[in-house]
Amino acid sequence: MAGIKSQKQYEKMTETPVAKLVVSLGIPTTIIMMITMLYNMVDTAFVGTLGTSASGATGIVFGYMAVLQATGFLFGHGAGAIVSRLLGEKRPDDASRIASTGFAAAFLMGLLVSILTLLFMNPLLRLLGSTETILPYARSYCRFIALGAPFIMGAFVLNTLLRYEGLATKAMIGMVTGGILNIGLDALLIFGLHMGTGGAGLATALSQMCSFFILLYMFLSGQAQCRLSVRNISRRAHDLLEIISVGFPSLVRQALGSLSTIVLNNLAGHYGDAAIAGMAICGRVVMFLFAFCLGMGQGYQPVCSFNYGAKKYQRVRDAYKTIIAITTVLLAALAAAAFAFAPQIVRVFRNDPEVIAIGGQALRYACLVMIVLPFNTATNMTLQSSGKSLHASITSAMRNGLFFLPVLLILSNLIGLRGIQMAQPISDVLTFLATIPFGVHYFRTLPKESTLQEA
Numbered sequence: 003m004a005g006i007k008s009q010k011q012y013e014k015m016t017e018t019p020v021a022k023l024v025v026s027l028g029i030p031t032t033i034i035m036m037i038t039m040l041y042n043m044v045d046t047a048f049v050g051t052l053g054t055s056a057s058g059a060t061g062i063v064f065g066y067m068a069v070l071q072a073t074g075f076l077f078g079h080g081a082g083a084i085v086s087r088l089l090g091e092k093r094p095d096d097a098s099r100i101a102s103t104g105f106a107a108a109f110l111m112g113l114l115v116s117i118l119t120l121l122f123m124n125p126l127l128r129l130l131g132s133t134e135t136i137l138p139y140a141r142s143y144c145r146f147i148a149l150g151a152p153f154i155m156g157a158f159v160l161n162t163l164l165r166y167e168g169l170a171t172k173a174m175i176g177m178v179t180g181g182i183l184n185i186g187l188d189a190l191l192i193f194g195l196h197m198g199t200g201g202a203g204l205a206t207a208l209s210q211m212c213s214f215f216i217l218l219y220m221f222l223s224g225q226a227q228c229r230l231s232v233r234n235i236s237r238r239a240h241d242l243l244e245i246i247s248v249g250f251p252s253l254v255r256q257a258l259g260s261l262s263t264i265v266l267n268n269l270a271g272h273y274g275d276a277a278i279a280g281m282a283i284c285g286r287v288v289m290f291l292f293a294f295c296l297g298m299g300q301g302y303q304p305v306c307s308f309n310y311g312a313k314k315y316q317r318v319r320d321a322y323k324t325i326i327a328i329t330t331v332l333l334a335a336l337a338a339a340a341f342a343f344a345p346q347i348v349r350v351f352r353n354d355p356e357v358i359a360i361g362g363q364a365l366r367y368a369c370l371v372m373i374v375l376p377f378n379t380a381t382n383m384t385l386q387s388s389g390k391s392l393h394a395s396i397t398s399a400m401r402n403g404l405f406f407l408p409v410l411l412i413l414s415n416l417i418g419l420r421g422i423q424m425a426q427p428i429s430d431v432l433t434f435l436a437t438i439p440f441g442v443h444y445f446r447t448l449p450k451e452s453t454l455q456e457a
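Mind the numbering: the sequence shown is residues 3 to 457 in the numbering used here, read in order.
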């Protein structure tokens, strides 16, 4: 029965029309992203009712969450991309070994991060950009998230493994259930039990634990092709190093995102808590809009890696064109709407004139260039899913590091707060221009199936 199930999944991933397959896998992953972004925004909106300093704490803790995501995605995307290619090569036992190793490494790393965070909470939060007025709110928020770190990182890995197997709907069930629970717990803990920002943190931790156990059940009950078990954890350093190598672009992207948030918060802090809150709200809204693009892209990743492993290179080309076309049209429409209603959107999260002015202007700048993000994202995902770790790492580093940090530092010194608001959009355009050669080179060197068949 397992062999029949594997064969059916293989046929689905390599024979279903590409556009239909990308959309069918992209819709569940987009729903996951939407729910994830929604409960992040609900956190921001609910916490915003507690005051401007409390609202600023969401931006500080968002940087900490990016650290957890960076580590979770390192092992999740690393193991997932390898697993998908191995399944495309019809090597399920090797896929199970890689999946078990990646999951175990992420959970153990989560334990270490949790302990270190609890021991060094105050200096960490100050490093993340917290002011003395924001610190009590950020500490209350972060404490519970730190306790849940192993489960948060473990859930990232399990979700990613299911997606890379082509089981996006099963991944959606686990993540959406946790997301909906988070929204309900936010209201109960923040307002019903008057826990303030601590309630937001506890809601996030409990909901992520719920997602973790649901996703783990998918594997333990045999609903996935990979078998997670202690016996399958590799003792070979090579396997762990390969996971880290392939997942490194995700670590770079997320780690630089966290570093960028730290630098942004510290620079915005010179203009008061309202500036930190306004930029944090802008960041959450941009991520919510970008989640449509990212969600569809995550549906594209297993199509790319599975067919690359199966040597179905024309399907890789077709999937790449499909995902760029879909996400460009979608994101252009969303960006236009957000540009038109930017102040009203920010007001939902914090009805403070100064926060609205700062966040609304930053959001409009971001919307002007949002149309370049689909190409940047699809190209980076293609490189990583195909195992081109070096090129994927370089393109990952561009948006939040190689371009953003220098632009942010230069413009903040030249034109102050306006420069902080404009830094990310300018970085996005520079990333687009620099990514073009990587995409062209990849597809020029990708084998043609006709040549392969003749050989």
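Just so you know, these hints were derived from the structure itself, not from any lab.
Please read these numbers as outputs of a predicted model, since none were measured by experiment.
We put the CB at the ideal spot given by N, CA and C, even for glycine.
Mixed in with the good hints there might be a few duds.
Said to hold, decoys possible - Cross-link-like lysine-lysine pairs, in silico, DSSO-like; alpha carbons within 27 Å at most:
id, residue 1, residue 2
1, LYS450, LYS390
2, LYS14, LYS450
3, LYS313, LYS22
4, LYS10, LYS22
5, LYS172, LYS92
6, LYS450, LYS10
7, LYS323, LYS313
8, LYS92, LYS22
To be verified - Just the calculated beta-carbon pair ranges, DEER-fashion:
id, residue 1, residue 2, range
9, SER247, GLY194, 28 to 36 Å
10, ASP95, ALA339, 42 to 50 Å
11, ASP96, GLY224, 40 to 48 Å
12, ALA359, ARG93, 53 to 61 Å
13, PHE343, TYR219, 36 to 44 Å
14, VAL431, GLY194, 44 to 52 Å
15, LEU222, GLN316, 31 to 39 Å
16, GLN316, LEU120, 30 to 38 Å
17, GLN316, THR179, 32 to 40 Å
Evaluation of the provided hints:
no., hint, verdict
1, LYS450 to LYS390, "holds (18 Å)"
2, LYS14 to LYS450, "holds (22 Å)"
3, LYS313 to LYS22, "holds (20 Å)"
4, LYS10 to LYS22, "holds (16 Å)"
5, LYS172 to LYS92, "holds (21 Å)"
6, LYS450 to LYS10, "holds (25 Å)"
7, LYS323 to LYS313, "holds (18 Å)"
8, LYS92 to LYS22, "holds (23 Å)"
9, SER247 to GLY194: 28 to 36 Å, "violated (47 Å)"
10, ASP95 to ALA339: 42 to 50 Å, "holds (49 Å)"
11, ASP96 to GLY224: 40 to 48 Å, "violated (18 Å)"
12, ALA359 to ARG93: 53 to 61 Å, "holds (57 Å)"
13, PHE343 to TYR219: 36 to 44 Å, "holds (41 Å)"
14, VAL431 to GLY194: 44 to 52 Å, "holds (45 Å)"
15, LEU222 to GLN316: 31 to 39 Å, "holds (37 Å)"
16, GLN316 to LEU120: 30 to 38 Å, "violated (51 Å)"
17, GLN316 to THR179: 32 to 40 Å, "holds (37 Å)"
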